[in-house]
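Asker: Residue numbers (my numbering), protein chains in the order written: chain A, 1 to 173; chain B, 1 to 173.
A couple of the hints might just be wrong.
Derived DSS-like pairs (lysine-lysine); straight-line CA-CA distance at most 25 Å [what the hints assert, rightly or not]:
| hint | chain 1 | residue 1 | chain 2 | residue 2 |
| --- | --- | --- | --- | --- |
| 1 | A | K60 | B | K144 |
| 2 | A | K160 | B | K103 |
| 3 | B | K79 | A | K103 |
These aren't lab readings, by the way, just hints derived from the structure by calculation.
2 protein chains.
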Amino acid sequence: MKQAPFLLVAVGTIAALVFLIAPAPGRADGEPAPIFVTEIPQGYRDWTWISSAHEAGNLKSIGAVLGNDVAVKAYREGKLPFPDGTIIAALHYHYVPSAENNKVFGQAQSFVPGAPTNVQFMVKDSTKYAATGGWGFGHFADGKAGAAAFMKTCFPCHEKAQASDLVFTHYAP
Amino acid sequence: MKQAPFLLVAVGTIAALVFLIAPAPGRADGEPAPIFVTEIPQGYRDWTWISSAHEAGNLKSIGAVLGNDVAVKAYREGKLPFPDGTIIAALHYHYVPSAENNKVFGQAQSFVPGAPTNVQFMVKDSTKYAATGGWGFGHFADGKAGAAAFMKTCFPCHEKAQASDLVFTHYAP
């Protein structure tokens, strides 16, 4: 019993040290932890349109990719890798037929965004996100950030797009 | 021969008068002529994204609808009819599969914009375009304005969207 107070202090000190020297929260093995984008970048809905896309298969999604000024400048100048400060936003919606448009066209041909599903971000910060190619990945559904297990799937997939600095979307002229 | 000079002046004067009183170029029957947008509005590629769409059928198109500040403010406030000064741009591209994305996904599911096909505009000016619901319609392919016969097809179709002031596209949140 005599040693208990010292032990508590020691444990507390070690815990504090681990916290301070750990390269990122959530990991204690000394390896850099993946860091995800945990806050929705301000004002992204006003950013410049880069392109649209429809994903069939399981996603059944339609949406747009928007970029902040740094992103759009880099895209237009064909500058790779994207510079720090680049933020790219992908706005996804359910892919639905437009009954309204189809009535006018006289046939089922028009597909538009339905309810929003999620918004995803790629934030370039070559220091902060060094462990994931310089990109921080974000995913928000109903304003809530994606769980860590899900977020770990972003980088391995984007990593395949080496030729375009991990970014899939091309600029639509 | 004595009257010839007077006749020329008279014809010239009448021609000038017809030009001045004619409601629009190209028509001399006194009826208001349809007027189309003949110049591409400046800076439209930087405007705010309103929505995306895919048109199947004969169009096989994917694209985006962008709006100038007046348009976007009206959309966000749910303000109808759209005020004068509104300009809405529809950027259309060939609807093509992305071999690059599909390779990563491991299946054919990704559809993106290919080469541009045309850019269309709706310009709100309730005076200038009174004959077509207050909207001037524009269509440009390779920078060239659509022929008059083609342009006459815009209004009869858009007129069917009475509930949304002749505009088909809804704002994607």
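Asker: Would you mind marking each hint as holding or not holding in the structure?
Answerer: Each hint tested on the structure:
no., hint, verdict
1, A:K60 <-> B:K144, "35 Å, violated"
2, A:K160 <-> B:K103, "9 Å, holds"
3, B:K79 <-> A:K103, "24 Å, holds"
When held up to the earlier numbered hints, the structure conflicts with hint 1 and nothing else.
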